[in-house]
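**Student:** Generate the whole structure from the sequences, applying the supplied hints.
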Amino acid sequence: MKQVQIIMGTPVAVEIVDKEAKQELFDEVFDYFRYVDQKFSTYKKDSEITMLNEKKIRKEEMSKDMKTVFELSEETKKLTDGYFDIVTPSGMYDTSGLVKGWSIWNASNILKERGVKNFYVEAGGDIQVNGKNESGEPWCIGIQNPFNKKREVIKKVYLSKNEGIATSGSYVRGAHIYNPKNKDDKLDEIISLTVIGSNIFEADRFATAAFAMGKDGIYFVEKMKGFEGYSINKKGIATMTAGFNNYINNKEKIYA
Amino acid sequence: MKKAFLSLALIFVFSAYVLYVRILGTDLPTVLTPEPNKTKTALSLPQYNGTTQTTSTNSVASSPSSPGTKPKPSPTPTPAPVINTGKYRNGSYVGNSVDAYYGNVQVKAVITGGRISDVQFLDYPQDRQNSVRINSRAMPYLISEAIAAQDSNVDAVSGASFTSAAYVESLSSALAQARI
Numbered sequence: 396m397k398q399v400q401i402i403m404g405t406p407v408a409v410e411i412v413d414k415e416a417k418q419e420l421f422d423e424v425f426d427y428f429r430y431v432d433q434k435f436s437t438y439k440k441d442s443e444i445t446m447l448n449e450k451k452i453r454k455e456e457m458s459k460d461m462k463t464v465f466e467l468s469e470e471t472k473k474l475t476d477g478y479f480d481i482v483t484p485s486g487m488y489d490t491s492g493l494v495k496g497w498s499i500w501n502a503s504n505i506l507k508e509r510g511v512k513n514f515y516v517e518a519g520g521d522i523q524v525n526g527k528n529e530s531g532e533p534w535c536i537g538i539q540n541p542f543n544k545k546r547e548v549i550k551k552v553y554l555s556k557n558e559g560i561a562t563s564g565s566y567v568r569g570a571h572i573y574n575p576k577n578k579d580d581k582l583d584e585i586i587s588l589t590v591i592g593s594n595i596f597e598a599d600r601f602a603t604a605a606f607a608m609g610k611d612g613i614y615f616v617e618k619m620k621g622f623e624g625y626s627i628n629k630k631g632i633a634t635m636t637a638g639f640n641n642y643i644n645n646k647e648k649i650y651a
Numbered sequence: 003m004k005k006a007f008l009s010l011a012l013i014f015v016f017s018a019y020v021l022y023v024r025i026l027g028t029d030l031p032t033v034l035t036p037e038p039n040k041t042k043t044a045l046s047l048p049q050y051n052g053t054t055q056t057t058s059t060n061s062v063a064s065s066p067s068s069p070g071t072k073p074k075p076s077p078t079p080t081p082a083p084v085i086n087t088g089k090y091r092n093g094s095y096v097g098n099s100v101d102a103y104y105g106n107v108q109v110k111a112v113i114t115g116g117r118i119s120d121v122q123f124l125d126y127p128q129d130r131q132n133s134v135r136i137n138s139r140a141m142p143y144l145i146s147e148a149i150a151a152q153d154s155n156v157d158a159v160s161g162a163s164f165t166s167a168a169y170v171e172s173l174s175s176a177l178a179q180a181r182i
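These protein sequence lines are chains A and B, in that order. Our numbering numbers the first residue of the first sequence as 396 and each following residue consecutively. Our numbering numbers the first residue of the second sequence as 3 and each following residue consecutively.
The set of hints was computed from the structure by calculation and includes no laboratory data. There's no promise every hint is true.
To be verified - Covered stretches of chain A, going by a simulated chain B footprint (3 or more residues, C-beta under 8 Å):
1) 406-413
2) 451-457
3) 547-553
Backbone N, C-alpha and C fix where the C-beta goes; we use that ideal spot for every residue, glycine too.
**Tutor:** Structure below.
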């Protein structure tokens with residue numbers, strides 16, 4: 396069973412394959428995303444992140460989840476040589492480069508704690524899979540054509556080890572990721588960068604950081620152990636990491 | 003005299019051709035040539051091993067805020083389908099085509115068991131050229147290819163988030179029709 400709700404201004408989709416897919420499970424996951432949105436949305440006047448930015452609460456007064464996200468952001472900044480930064484050019488905190496993946500990961504952990512084995516959770520094009528799909532096969536995820544927004548698929552990957560897959564891009568809303576090291580960098584060479592990692596939290600934060608590196612991003616992903624990537628430049632030429640092929644041919648290997 | 007003129011003309015044509023080839027010839031490769039060495043030195047990357055576990059999932063607040071914009075009442079109701087277990091009537095509902103500044107966005111909401119089971123794009127702006135220049139030059143170390151459309155027989159699609167006010171507005175108008 397699959398359900399969709401609009402949360403954080405974006406479609407959040409949950410598909411549960413297991414027979415005992417109760418409505419409560421869906422509700423719990425959607426409620427969790429609403430909770431995250433209420434806390435981390437920079438668009439909401441009364442969110443904790445807005446209150447922090449407006450100095451209505453001090454850093455010492457941060458909630459446990461906010462503290463966790465700030466710590467993870469700091470860690471990610473170090474791991475990416477400064478290319479990931481939650482401090483925007485205008486000096487505000489914006490955790491959106493990491494919170495989506497983090498919350499998808501937490502939401503899928505909720506389902507796992509409830510004993511659900513085969514499912515995926517998607518928020519705005521970032522996906523965490525678990526177990527197998529409805530046909531008992533590895534989850535088949537399409538990478539969206541960045542030149543054609545009707546969700547046309549230009550590449551299929553097969554995920555069988557509970558991976559996460561995240562795509563960063565500038566093609567829908569215009570650039571919303573910036574290069575923290577060079578604010579004048581328009582980041583218009585690469586228009587889409589997909590990262591597959593051991594989970595969606597990992598995939599999302601490194602997709603954000605690698606996208607901020609422009610052309611160098613795919614080389615960064617190549618160097619990261621346990622990650623594979625697929626980047627598309629403005630001419631429609633894709634470049635993939637050396638191990639990315641394993642995800643393309645996975646199904647053929649299994650069913651050959 | 004005739005010979006001299008002919009050879010001069012030949013020389014002129016030949017040098018024009020060389021110039022032409024040179025200009026065209028250098029254009030493509032400079033755009034597509036990556037700088038792998040620069041990449042290697044520019045990024046001093048820390049070794050990353052393993053996964054950070056984040057398990058703080060226990061604090062689920064009870065603050066259900068209504069997401070997105072409020073749906074506007076629609077003057078075009080669709081025939082009422084049968085089973086009602088959620089807050090929407092089952093069926094497919096096409097939302098308004100909403101003007102995003104770069105084109106129109108229109109979605110269709112599919113309601114199953116009274117809830118949204120899918121959202122499909124009917125119209126989406128084509129703000130970039132669809133034509134792709136194919137070039138077989140592979141990047142050093144990494145494989146390159148020209149992207150090409152595949153069939154859409156997939157479980158889910160990964161792409162940059164298509165958050166937009168137009169999207170939410172079109173979907174809201176679709177849901178307004180579905181509302182019981």
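**Student:** All the hints need checking, so say for each whether the structure fits it.
**Tutor:** These are the hints, each one checked on the structure:
{"no.": "1", "hint": "406-413", "verdict": "holds (count 3)"}
{"no.": "2", "hint": "451-457", "verdict": "violated (count 0)"}
{"no.": "3", "hint": "547-553", "verdict": "holds (count 5)"}
When the structure is compared with the earlier hints, a violation turns up for hint 2 alone.
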